[in-house]
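Protein chains: 2
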Amino acid sequence: MYGFSPAATARILLPVIRRTTLRRTGTNLSIAARSIANSSFHRDEGVSRSSVTPPLPSRAHNAPYPTRTHNCGALRLEDAGSKVVLAGWLCPGRKAGKKLAFFPLKDANGITQLVVQARDNDSTLADIWEVPSESTVLIEGVVNARPQSQRRPVPAGDIEVQVTSFTLLNRADTELPIIPTDVFNVPNEELRLRYRYLDLRRAALSDNIRKRSQVSHIARTGLHEHGFDEVETPMLLKSSPEGAREFLVPTRSPQQPKQLLIASGAVDRYYQLARCFRDEDGRKDRQPEFTQIDLEMAWVSWGPPTPVSDSIPVDGFSREWRIGGTEVKDVIEALIRKIWHQVEGVTLPTLFPVMTYAEAMARYGSDKPDTRFGLEIQDVTKIFPEAVQAELLRRGELLEALVVKREEGSPFRVAADEIRQDMVEEGIEQMDLTRGGVADWMANSALLRELGVIHDNVTSNALLSAFGEGHRLWLTSRKRTAEGGSTPLGRHRLNVSAVAQQLGHLKFSPEPRFLWVTEFPLFTRADSDKDFLAHGRWSSSHHPFTAPMWEDIEKMYDGRINEVRGQHYDLVLNGVEIGGGSVRVHDASMQEYIFSKVLQPLQRLRLLITMLALLPQLTDDEKACFNHLLHALRCGAPPHGGIAIGFDRLMAILCKTESIRDVIAFPKTSAGTDLLFNSPAPASADVLQQYNIRPVGN
Amino acid sequence: MYGFSPAATARILLPVIRRTTLRRTGTNLSIAARSIANSSFHRDEGVSRSSVTPPLPSRAHNAPYPTRTHNCGALRLEDAGSKVVLAGWLCPGRKAGKKLAFFPLKDANGITQLVVQARDNDSTLADIWEVPSESTVLIEGVVNARPQSQRRPVPAGDIEVQVTSFTLLNRADTELPIIPTDVFNVPNEELRLRYRYLDLRRAALSDNIRKRSQVSHIARTGLHEHGFDEVETPMLLKSSPEGAREFLVPTRSPQQPKQLLIASGAVDRYYQLARCFRDEDGRKDRQPEFTQIDLEMAWVSWGPPTPVSDSIPVDGFSREWRIGGTEVKDVIEALIRKIWHQVEGVTLPTLFPVMTYAEAMARYGSDKPDTRFGLEIQDVTKIFPEAVQAELLRRGELLEALVVKREEGSPFRVAADEIRQDMVEEGIEQMDLTRGGVADWMANSALLRELGVIHDNVTSNALLSAFGEGHRLWLTSRKRTAEGGSTPLGRHRLNVSAVAQQLGHLKFSPEPRFLWVTEFPLFTRADSDKDFLAHGRWSSSHHPFTAPMWEDIEKMYDGRINEVRGQHYDLVLNGVEIGGGSVRVHDASMQEYIFSKVLQPLQRLRLLITMLALLPQLTDDEKACFNHLLHALRCGAPPHGGIAIGFDRLMAILCKTESIRDVIAFPKTSAGTDLLFNSPAPASADVLQQYNIRPVGN
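Protein chains in written order, with UniProt numbering: chain A, 1 to 698; chain B, 1 to 698.
Hints were generated in silico from the structure; no laboratory data involved.
Do not rely on the hints blindly, as some may be mistaken.
[As the list claims (entries may be wrong)] Derived pair list, reagent style DSSO-like, types lysine-lysine, alpha-carbon separation capped at 27 Å:
no., chain 1, residue 1, chain 2, residue 2
1, A, Lys338, B, Lys211
2, B, Lys211, A, Lys656
3, A, Lys211, A, Lys338
[Claimed, not checked] Among chain A residues calculated to face chain B with C-beta under 7 Å, some are:
no., residue
4, Arg194
5, Ser216
6, His217
7, Phe228
8, Leu261
9, Gln272
10, Leu335
11, Ile339
12, Cys655
13, Val663
[What the hints assert, rightly or not] Residues from chain A that face chain B, not an exhaustive set, calculated with beta carbons under 8 Å:
no., residue
14, Glu190
15, Ala219
16, His224
17, Gly227
18, Glu230
19, Val231
20, Pro254
21, Pro257
22, Asp268
23, Val331
24, Lys338
25, Leu464
26, Asp662
27, Thr669
28, Leu675
By construction, the Cβ of each residue, glycine as well, lies at the ideal position given by its N, Cα and C atoms.
Model the full assembly from the supplied sequences, consistent with the hints where possible.
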């Protein structure tokens, strides 16, 4: 299957990367490319791009590349002379002599004719000629008008693009079960259905899928114009007695189908208001069936380099987005702005704040910070004597504190006094910032005892001078590298806020506080079993398709799993996670490495079930379920990423209700039962007989 | 539960009907009402409105009423002086002295203040005062501006309507488990969920549901503007190994939820692009999961009387719609026109042809006639001698024929010659219209033998003079009252067309041929078991919620079940049924009568499963499943009707493909398997154990 030797792959990949991002100068594009290479993308100084040499044969480009400027159907005569960046599937080329070749480049929007000329000291023509058809490539070039006689009445049919450089984004297998450009030999239907992600790349089929989208939107718009409201009705209802046969429906989300769809190239940007199923007990205010605004985009990228201004915090929050998937971010922000503008009459800021996971955990002790009130957590390690700092360092820990100032007008002042030591979580120690209060605390602190601190005036003075006298403080230690969704002090912060709200002292402005949280750890130690911990087993923090940050790829291949950050992003509103997504792995060998080497088989251990209902850790059997995805990646999958917004939760916030049941026409109880339709109900023995099953014990 | 005596009910119902439709003159409305009473709605001369006195206490109005002119939130100051028709839920009234009362009338769009004044010889005030709150009523009246001080900044808050007459459409129970207008005593959540159709009538909740619809459409529109395509992904996929728990999902459509939704009043017009499930073997080109454009509308009516011009056939087709649900018809025609205009650039006619079921069966031998070619079937009974006609009458049969003229240019001429007697269905006799041909036929005809015809020249001459010599003719007998979806001659007609198409002689113009088929028999004899036939058991032709034509209600209560026509409509395109719907029964006592008296229990007989996955015939257990629907009808359900359009089939026609698999992103095979996701797959014993079930035999 691997028709290319690793050496040949490297020959195509590496020079092109260098050329694309470093070599060319004097154009806007190359400035952008250079900025990418020199600034934000080189933040982690320890990893330079050329050192990314994974141990497995890499066949995909995982480092940054310039954002496409147009899709393959967009260029017109008036664009002649422009420098452009295009991405798409490479179709079989045609040579015209030794120094010239033509390649159609296609995507869901059309086909652009590429012209590649051999030049001295430039291997572009030789390199691109070796790329298998159906690979995804990104090219830079200049638009030329085609000679009058060669113009075609199709999108982009009047122009061609003279290629100046190209990047092989994802190499396709040389032997594909279906050749999407071959309109004369359409394979039999069984083959077409088995490899649907290739069949969907055929124009005959992808035209239908897009027409379907068009018609459904015309129908919806027409119905809204006629005064209709769209209402979602339940799917999970009682068995109809003696009705037609039924289906055992897995807990599901459209995660895999949507990635296969984008891999097919049938559509450039997919969305669905998708009904999802999940069966979880005891989760308050969750529904077994729920709706997501689910979307996925091909060709996501790092975008233009973040302007320096965005990295300067505004109101304490940065706007700097250092991972891929900028197109997803832009679309979601535009969508949220549109909804709030049209429904609430509120104009939201153009850019939402962006916080790394590490920052969110440090400042708010939560991966979904509620930033409607301050009360930030502070790292107080440095206040303590050097010996204590050394001991903390040895343990890989730090000391952090939450301080409530006893100031006039502070909404937390009274709340802080209401909270007694026995009301706070174990491990958090409470003190009054007075001579006596600190002395009391030092005399009784288990924390200090553990760290070997003796009752000294130095520490006491340092605390009082750092925060001033008269206030209240909570202190605890935690691991330097944050883990999980919240810290004890983060939960305590929310408790203080809740008490202040109950007392009527804390009121939030109606203005919604949106926030992105990014750069999560890609993997989480499977810590539910100490034995496994010892063996260093890992699970995916979100799901196994999330791509690592490109700066951390080498760490992943080197086994420094705990240091790898993912290109994952959560959208948080008022302290509630309303959506999450990621840039996906589009590199089959990387995906296989993650399945096989990182997510090692972990038998008989019930793991956290992600929202996506995909197991974070995989057995061999489970990996087999992803074979079609792996194959789709090998057939020229474009870089892609997406997100899912919890529509029920979003609506609950818009409707200012606490319960999502108030925004669902026919909801279920928190126990998952439907009191209106009396569902679920026992299936009769007759019904079960149809499925050849019977209750255990019968 | 029946707080009204039948006499009291009649007192409210009947005078109002008469007043509404007959008494008032001199306004446009009363002209419309009179036309309704006198023309199209009195087609069936045997039934006059006043004779509709069902044996069960009727609590709902089932006869025609004028169409509402505005919804309850639509009227403004500038409408002052207009005569209007409004429909809605009656809220608790307030008397101002003995001769004046105010009633708020509400619907999903707002609340209009009604003013009712007592007048001599007019019981309107007394009658309306006796109507329980939450009943649905239709009023006629005149818009007045409210005094400046009483105006409210809400929809319709500047005006009030002086009531001139009212119709009690559906009386609500006097004791409702939830009082939707009581904003101070919101019941506990269990009660709210159990009677969701009443809870949804509360403004607090219905506002949310409509806001949800608004936001989902903004989101969709925004995504389309950003170049996204909506693609539906499969729900029926393989069990994820060790994933979260799964659900046994019944074959389903949103039929019951959507009726409950409309009964609630939360929305006036519901739609959903709804995913439906169905498990049927051996149906070619069907999918176990499929999508419908599903809609339902409150307050559907007979509309303004059909202009005489519509009843004059154009190109052989009438445009006359004689049943209720005109609003559904209008919306669907507008929607289809919009789709064809925007997607195909084709302008469709303003009115689609309408054909009764009886006419479709007589002319085309099909309830979904393909009218792209003529070749109509002819009733030839009258050509035969009177003795034969008498025998046919005795049998309740007729003779019908299909004739292909052997004329130059006829696309069927060669096809007709290709068809041999052994290729036609049993019971159809073939002859050449020549002396010899007719003689041959008469000598061998089983049909004539059965009818006792001797070989005579009279019949022979009559045939030849009726059709002319030289042509080809097929003849058969059938029941005078058509049954089922097609007749033998109707199927034969399609065969002749298929042969002509194969020969390349028959080509259809690309112009789509839309057609409504209406006035289906409401009930079908359950003929799959001769014993039951003898007992006269009936099943619903479509589903048990379809309303009878109002002219046939008395026949239904009189037990003349076979004569009852339903307010059902099918939309047919090029001979394919692409949608169907009906006006629903909104009268609880009628619905109970249909369940109990017409659809008698029929045990252990596997019946035709309707597209709606609702059993046409019902056991007691099955009836219990509809208890919540019956209760919803008793809580003031408005008259309503809807339709579902098969979106996959519609798209297949728009995409000019034979298979709906070509318009579904991830389809299943005709055997219902998914070759991409390898679904369905066996569930492991472990998985089954979670549900306390195991395979039979283990």
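Checklist entry - Quick check: which numbered hints come out false for this structure? => result 25
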